[in-house]
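We have chain A; now place chain B onto it with these hints.
Chains as they are written, first to last, in my numbering: chain A, 1 to 352; chain B, 1 to 352.
Please keep in mind that the hints were generated in silico from the structure rather than gathered at the bench.
Do not take every clue at face value.
Just so you know, same-sequence chains aren't split out, so a pair can sit in one copy or run between any two.
[Unchecked claim] In silico DSBU-like pairs for lysine-lysine, Cα to Cα no more than 35 angstroms straight-line: (1) Lys322 / Lys34; (2) Lys35 / Lys344; (3) Lys254 / Lys127; (4) Lys322 / Lys35; (5) Lys344 / Lys322; (6) Lys229 / Lys254.
Number of protein chains: 2
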Amino acid sequence: MNVHIVVMAGGSGTRFWPVSRHHQPKQLLRFANKKSLLAQTFDRVRALATPSRWWMVVGESHAKACAAAVPKLPSSHVLVEPQAKNTAAAIAYAALSVRRSDPQAVMVVLPADHFVRNGPALCDALKKAVRLAREDRIVTLGIEPTYPETGYGYIERGKPDRAVQGSFAVKRFIEKPTKERAIQLVTKGGFDWNAGMFVMKPSIVETEIERSLPDLHVAMRRIEAGDAKPRVVKREYATLRSVSIDHGVMEKAKDLAVVPVSCGWSDIGSWNATGSVIEPDGAGNVTRGQTILVDTTNSVVYAEDGVAGVVGVDGLVVVRTKDATLVVPSNRAQDVRAIVEQLKERGWDAYL
Amino acid sequence: MNVHIVVMAGGSGTRFWPVSRHHQPKQLLRFANKKSLLAQTFDRVRALATPSRWWMVVGESHAKACAAAVPKLPSSHVLVEPQAKNTAAAIAYAALSVRRSDPQAVMVVLPADHFVRNGPALCDALKKAVRLAREDRIVTLGIEPTYPETGYGYIERGKPDRAVQGSFAVKRFIEKPTKERAIQLVTKGGFDWNAGMFVMKPSIVETEIERSLPDLHVAMRRIEAGDAKPRVVKREYATLRSVSIDHGVMEKAKDLAVVPVSCGWSDIGSWNATGSVIEPDGAGNVTRGQTILVDTTNSVVYAEDGVAGVVGVDGLVVVRTKDATLVVPSNRAQDVRAIVEQLKERGWDAYL
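Extracted from the complex, chain A is given alone in its bound form:
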């Protein structure tokens, strides 16, 4: 039974404008590393599977660039989605493709644009998950929370699993909590962040999809009958609803397992989160490129091009690229989307 790595690279990542752009989604950004987040995602689990068993699900517009970022990945393993239809469709399409390629597969599904400081710890947890998946379990990884984050969903641990030490039954999924509730969860313990990492046999998740999302199941069977030809994939994708794997499948699935792990994980959800990827200096600043900071604290200053000079600010994000500059307070870093919306409205497409 062979482990296959499936990386979900469908994101566009407007939250990292102006560095993330239409032609350069978040998973292709490098941050502190020489390699893109996408390439790092494969690299850190190479102990689990050789590149011949690497797969990628990616949107049409980024397929070429994402494939180029992982040159060792077989070209037939680049699964191109003609439209973004959320994670349930992407995982269904991957399950179908991996199963046809290797009926003995266990697949490890990973998001393409997250950061993990401790790769070996993640691999150890994934190995436990693989052992459970071999017994026909669907396994999710749970990130042990380090603070009461309100931007993530949580997974409540149930009883410890006897077969594999350090694994638990999933009691339930909890949607993004309020601040108060998040504090409760973290204080109480037994709740982990849902990081969208899953391990399972393709056939097992396909069975769950058949049960919970029959329309998606039918579409996938048509794709399979059509030998997954691009024309057929395109036709069927046009009919799909946009449903997340969590909401559409996992929350309804039975007998799920969770393997908690502490591996320095971050989804790097905004510029403000770059402090989890790049070590802040003594003043709490995270800087890249040619920057000059005077009387500046707790700020992110990123000069991809030229120089950025910042005086007398606290908690500010300043990003400079060859053609654009972003300035936003850290606690409003999510609102960079408003800029991207305005760019679209004004037709300033060159900056998208």
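Okay, now just chain B, sitting in the frame of chain A:
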């Protein structure tokens, strides 16, 4: 008796980094206008003197660019200072040059990098000053204050002058006041801002220089004896002390007159002062170029190149050029100098 315009263009203007640079001092900036501040300075007083009577005192490194900005100015009227030795030296050198060119001259001395909204009002005041200067008076213009600014010196009005309505004897010069004192001055009335604009016969100011700054007088006589040849000018300038005309001459001079004027004047001393040049919008923002402001108030956002996107800030200055970005709170706009100092220290000369 002919009016000559002498514009003091010796400044370097690091306070407008990154737009003002070594090769582009503040007087060559355009702000809202199609013409540079330098060209605007001549343009607004063209009713007083034809270009054949225009003069410019400028540093060696900017002489070419400044001369090019005012093409109608006779090339022999570009007075190049080999070193910057402050305004006393510059005015002494101009007085010598203008007198030799036209013994009947009255000279109007103006800074090159200030802004005046109401040019005709300034011309009217200068005409009054010229009438007084013809009677051998040294005349300074006083800007009627609109708020208690602490960054300017003040001039106290003495008795009204009988000869020219709207002019006064100068009672005394007051150095940059504290906030408390500035409020007193503005509330009391009879105090005007010292804007560094003077009107006088060359010979009259030369006499005052001889009395108050004999060293400078001697150096100028040597320059005159040497026919103002560059070699001689260079040799003599090397010996000069750096003294301002206010401190070195005007504060000690007798029988000075002041003509108060209200003409929408600003010295545009920092990015924060651009609101006096470019009308702020309803949210108090001053913007130039391609900018996107979301939930942003009382800010200056200037995109000379590319696009600047700003979200959720108040009272911030954001300036973007082709190779640099500046971010500084409005109330610390003067501290841009700290950035320039750091650039020098690090040897990042390309950004200076």
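Each hint, compared with the structure:
Proximity of Lys322 to Lys34 under the C-alpha cut-off of 35 angstroms is found in both arrangements, the shortest distances being 19 angstroms within a copy and 26 angstroms between copies. For the identical chains of this complex, Lys35 and Lys344 are neighbours both inside a copy (30 angstroms) and across copies (33 angstroms), given an alpha-carbon limit of 35 angstroms. Taking the shortest Cα distances, Lys254 and Lys127 sit within 35 angstroms of each other inside one copy (21 angstroms), while across copies they are farther apart (93 angstroms). Within a single copy, Lys322 and Lys35 get their C-alpha atoms as close as 20 angstroms, and across copies as close as 27 angstroms, so both meet the 35 angstroms cut-off.
Taking CA atoms no more than 35 angstroms apart as the test, Lys344 paired with Lys322 passes in both settings, with 19 angstroms inside one copy and 23 angstroms between copies. Taking identical chains as interchangeable, the C-alpha atoms of Lys229 and Lys254 lie at most 35 angstroms apart only when both belong to the same chain, with a minimum of 33 angstroms there against 96 angstroms between chains.
This entry satisfies every hint, going by the numbered hints stated previously.
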